[in-house]
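Enquirer: Quick note, the sequences are listed as chains A and B, same order.
Using my numbering, count along the first sequence one by one with no gaps and you end on 322.
Using my numbering, count along the second sequence one by one with no gaps and you end on 777.
Simulated from the structure, these hints should not be mistaken for lab results.
C-beta: ideal position from N, C-alpha, C; glycine also.
Warning: the hint list may mix true and false statements.
Claimed, not checked - Computed spacing ranges between beta-carbons, pair by pair:
no.: 1; chain 1: A; residue 1: Thr129; chain 2: B; residue 2: Gly699; range: 39 to 49 Å
no.: 2; chain 1: B; residue 1: Gly699; chain 2: A; residue 2: Ile5; range: 27 to 37 Å
no.: 3; chain 1: A; residue 1: Asn184; chain 2: B; residue 2: Leu522; range: 21 to 31 Å
no.: 4; chain 1: B; residue 1: Tyr774; chain 2: A; residue 2: Thr89; range: 14 to 24 Å
no.: 5; chain 1: A; residue 1: Ala50; chain 2: B; residue 2: Asp760; range: 53 to 63 Å
no.: 6; chain 1: A; residue 1: Thr89; chain 2: B; residue 2: Asp487; range: 37 to 47 Å
no.: 7; chain 1: A; residue 1: Ala50; chain 2: B; residue 2: Gly540; range: 51 to 61 Å
no.: 8; chain 1: A; residue 1: Ile5; chain 2: B; residue 2: Asp487; range: 34 to 44 Å
no.: 9; chain 1: B; residue 1: Gly540; chain 2: A; residue 2: Val12; range: 30 to 40 Å
Now for the letters of each chain:
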Amino acid sequence: MDSRILTAVGAVVGIPLILGGYLYLTERLLAATSLRTQARIRPYVWVVPAVSFATIFMVLPTLNTIVLSFQDKTSTRWVGLDNYIFFFTNSETINSLKNNLLWLVFFTGFVVIGGLLIAVVFDRIRYETLAKTAVFLPLPISAVAASIIWKFMYDYQPPGQVQTGTLNAVIGTLGFSPVAWLINSTTNNPALIFVGIWTATGFAMVIISASLKAISSELLEAARLDGANELQVLRLIITPLLMPTLTVVATTMVITALKVFDIVYVLTAGAYGTDVIARQLFARLANADYGRGGAVGVVLLIAVIPLLLLNIRRFRQQEEIR
Amino acid sequence: MAPSVVRFPPRVLVFVVSAVLVVGACSSAGSPSTSGGAPAPAASQAAASGATGSAATGQVGGQVTVWTAWGGNELKAFQAVLKPFTDKTGIQVLATTVRDFSQLAINVDAGTPLPDIAGPPNPDKIPEWAQKGIMKPLEEILGADGWAAYSKDTNPALLTIGVVDGKHYLEMVKTQVKGLQWYNTKVFTGTPPKTYDELLAIKPPSGAKLTCVGLESGDASGWPGTDMLANIVMRQSGPDVYTSWYQGKQPWNSPEIKAAYQLFGKFVSEADVYGGPNTVLSTNFGRAGKPLFADPPGCMFLEQATFIPSFFLEDYPNLKPKDDFDFFPDPSINSQFDGNIEGFWDSFVAYNDTPQSRALMQYMSTAEAQQIWVDAGGTLAALKTITKYPDPIFAHAAQVAADAKNILPTAGDQMPADMQHAFWKSTLDFTNDQSQLDTILAHLDEVRAASYTTQ
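Next comes chain B alone, as it looks inside the complex (with noise of 0.2 Å):
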């Protein structure tokens, strides 16, 4: 810039110089000044590591470092668990809430240190951080009891994850159950449906439409969208499509993915969707349940992943689970793929191999621990054996979760990044202009062909 040309009062120049040369002065005089900071963090560490004490007894003492992506009242959750740990072993956890993973993959890159207990890496690091010791197997890790345990009572659906050579590097310690269909108890009074053309038959009272749907979500708008796609593909063409679909092998031309996109479409069309799609467009995924209470109501169903009640009870603070509100889980749409739903879950690896990781990743993959996240609300143990849960939809959600006969993971999440992103923003051109699906699919394959080649 600079078009009117600043001229620094000679004054000030001088004051600049004499600063620059006193603080010279200084140094030359007294310490040795080169040690600026960058072996701090080393000797912390060193020191860190160097704490290792006896791991044997209750008491271990030292840190253990931990990222990750929690805040407000997931992080109070997480802190929660953690009070009785270091209560009982004396092992301070250093969390910090990290909102973007990708630094895992820039620490990596950059040789910089890694924390010792972390999210994983995108799906794609995981076979490449495996193999070369990046991330350390649960196997190892937990012990040989240990995870005798955890693959024991874990649910089994998540035991199929994160497994490189056999070994398993992801420990999954809650979950929660996509494609349910929410609704207000006062306005939907009939039988839940047993198939989506039932549940798309369903009328609703005068002035209302059948369904809510919100897109929105900043940098990553139409994910609600991606979810309701996963849940029809798995539902329509099985687990084996959905599978090969996220790892890149189906083409999304192909009969099954079109015919998934123009089901969804039904949801999202002028007729079907309050507000059409415009409405579904510029409302946020948060916010789009908002139409089910009011008075009179805009739609009948939102279909949303567990965590949707807390935006309910944000809008609606006196809304009572069960009573108020309640969900059943996606219908049946082909009977012979009966069974399938989409879950995410909370995982942690272990970078770095310490007494004190060992710790706590042993911790948090027991009943005491995850028992403290149920109590917290808002989410399902990854333990099969926990069944007491502190609200009534989370005790229907586990049982959704423990009579499905397979939990698949959520398709985007799985795809490299640039394949989820076009994912994601597929469902917002088809929800904008259903007319330009084929294109809208041929784009898709062409990010295919160019995301899935190199690792």
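Looking at chain A on its own, in the form it has when it is part of the complex (with noise of 0.2 Å):
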């Protein structure tokens, strides 16, 4: 026990007093060069500790798992692309895309759509700090939280029986039988991509009604007065506005879809066609199968790649326009 809080100790004092201790040095060692040199080489000096966590916790791992995705079960053999091979011809892996295709789609559609609409109705209401915080407020939960109450929600039980489930007690007085949300295959996948939609729609939410925010009064209103209606000035004049901050909560959103884990881990564990990529990387490493494991991971990075370029490509442009 002592031991570990030694470590635990040790890091968080010793870490800060190294990088502390470097940079004095360092600062000692330049003050003897003279200025110029000083001005040349001191960001490079500064950059190293950062570049070199990163390479040690990000660059690393990654160049190991693109390794790992080439051997064995257990990293002993090589054996070519076997686990890519494997990993595009197991049914179970190819229902998994096609599954994050879904969440894909209606995952991002319904959050990014829905925060739009919901941010410019809300800034339009009285009451609008009140209706958002009752939006924003599953954002805070914990998405593993978050599942088990939908999993209360989705309860089920034999028709005739009291209902425990909100859902179908609810649809139980409207005189329907009760209905297996999370095990029939026509509901269950809408089912989980609703919780996600329920935890994420407050962030896009916010993100988006802070950008309305920012477009001046005076540009809606010359609209209005030239004669446009509502939706046109929505349509014409604020979406693309918005733009570039809807492009940036999608490009989220779509990771957040390609990514996604818990959700569908408390709800399903992925049974009944609802498994996910992520779920199925969590699955082999739990399994101790680090070959398709990694085979997983470097897919899903692949994947997130185009997306990641995308989000910083718009960053920098946004960064040219200031």
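Both chains are sitting in their own frames, so use the hints and assemble them into the complex.
Expert: Right under this line is the structure:
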């Protein structure tokens, strides 16, 4: 026990000490050189700790994952592309890919469009803060807790028994028989995606709402004076001005959709045709199958890279405008 | 993220930077700081093993680290078992609850220290770890006398597990019996059926169904179904087919396994199970027995292991074992294979050979230690010499274990992890749609081909 406390204290105190010591020492050394050299070298000296942390904790593990993905289960033998061939021919991973596609389209679509509509509508109501808080409220709840809340909401009891699940209780009062939301193959994926939308829409709303406030009211008034109706204002003025924000929100949501794990893991653990790639990755790692797990990770990484590039490009464009 | 750029006010940056600098200045002024945290655990370990004094006397002193998967009442029982040991030997037992034992394999791969004593790794790792000396054989750890006593008194069926090159590595400390049909004594009053046919022919009271089944268990959903299947396979096709099945040598689409699924299917069919398949799939295994005691009853039988009464008592705290509920073991299918029962067990493996770990391993194999476990309730001893049980249900279960010819291990637990997960899941898919059996079995054979290959 005490050894672990020592380790923790050592890490918390020691690493800043080492960093500070490094900077202090290098500054002392630099002081001995000319001002011009100092100006040229100093940025590199200061950036070294950050770059080395990123290398140790991000770049090396990524490279190692790529290496592992070309090896067998126990990382002792090279197997070429076998793990990738497995990935693209195995019925479970193919089904997971299909489900991720569902998440990508419906989760992203509903969150972005829902966030936009809510932001625009709430902009005009009296109790804006209160209404926005209500939509934002699910966001601070951890995904696992949110999933457990929805597990209760979707709960199923045999027909004729008291329905303890809120949803089945509601449709029961309307005279319908209960639905096994998480098991029935037509309702389970929508049910899972809905939990995602419930947790993420608040985030999209807050970001979009902030941009919305930045649009000058004179611009909107001018459009209205020129005879544009509210729908035209939304479509032709607000949406184009919000486009950079919408793109960022959308790419963030696409990445969230690609790496969705917790909701699926808690609610169905991937059974009944609801599996997704990130849960496949987890299952491989938990079963100590580093080869196939690595391959899943690499495929996921490749899928995310274009979106990251898009985000970075947007970011640069914004910086240029400033 | 960072869509609208968040800019730190310059003051904050200055503060952060100067804080770093101040800390840096302190470090250069005073203590050398390079001894971060890494050497600390190694040092304390050296201290622990350095304290290995004279082992001959009763008082040994020092420490032993143990990982268990136990929490709650099971952990309390373990602490009760440890108390006389610590009193007698002065050895401090540092027990950590580790839920996920794949951590052992992670430590081995990373070369980080292992606990002195912990549960066994996944069965597919046992031969490799035994050969590499990561696990220490009981023949050495228990000493000649200790080994002789342990091997004489432990249930023989348990001594066949975890054996590599004739050496034993898993010290059995407790056991449980699976494949028991639990019932409400007010609802089922007849004599226990002799065969599965007789069991399935029992007429439930009107409004009730024959069986209750609950397969939901989070990431491990489906395991109760795999236990039901395992009990069918060993009674229908015998221990040889059973063993080669979990060893991956018996195809899933072979007639034996297919027949087992078909018989299992009757227990989860719309006609015979409480609430139909949707209820089976949405009900947690711990809550599955609730309708047994409802008024009017929802079903007559629930197949589950010896641990299930604690769940009955959570829902109905006033139930009395034997008076209000009881069980009979799964009946016969093929009389040639009578006497095979499914069980599981808790075992410990010594990963470090120290005087302290030897002392604790020796202690846990004694009747003294195992009687404390048994008295705490909820388990059977691994020693067949223990016959005193606090609860009539467990005395009955101990009788079932004593009468058995073979205690066969839980099939799923013996399979590689991929195979086990696929097996669990197959009972969910089959319950959901029994007409898909051939597809399900074909998929299991695909997983079998892929998961038993490398090691």
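Enquirer: At the C-beta level, are alanine 50 of chain A and glycine 540 of chain B separated by a distance inside 51 to 61 Å?
Expert: violated (40 Å)
Enquirer: Evaluate the given range 39 to 49 Å for the C-beta pair formed by threonine 129 of chain A and glycine 699 of chain B.
Expert: Because 56 Å falls outside the window, the suggested range is violated.
Enquirer: Using the beta carbons of tyrosine 774 of chain B and threonine 89 of chain A, state whether their distance is inside 14 to 24 Å or not.
Expert: holds (19 Å)
Enquirer: Between glycine 699 of chain B and isoleucine 5 of chain A, is the Cβ distance one that fits in 27 to 37 Å?
Expert: holds (36 Å)
Enquirer: For isoleucine 5 of chain A and aspartate 487 of chain B, compare the CB-CB distance with the range 34 to 44 Å and indicate the outcome.
Expert: holds (42 Å)
Enquirer: For the hint 37 to 47 Å, verify it against the beta carbon of threonine 89 of chain A and that of aspartate 487 of chain B.
Expert: holds (38 Å)
Enquirer: Kindly confirm whether 21 to 31 Å is satisfied by the beta carbon distance between asparagine 184 of chain A and leucine 522 of chain B.
Expert: holds (28 Å)
Enquirer: Is the hinted range of 30 to 40 Å satisfied by the C-beta distance from glycine 540 of chain B to valine 12 of chain A?
Expert: Holds, at about 34 Å.
Enquirer: Cβ-Cβ distance between alanine 50 of chain A and aspartate 760 of chain B: within 53 to 63 Å?
Expert: holds (57 Å)
Hints 1 and 7 from the list above are not met by this structure, while the remaining hints are.
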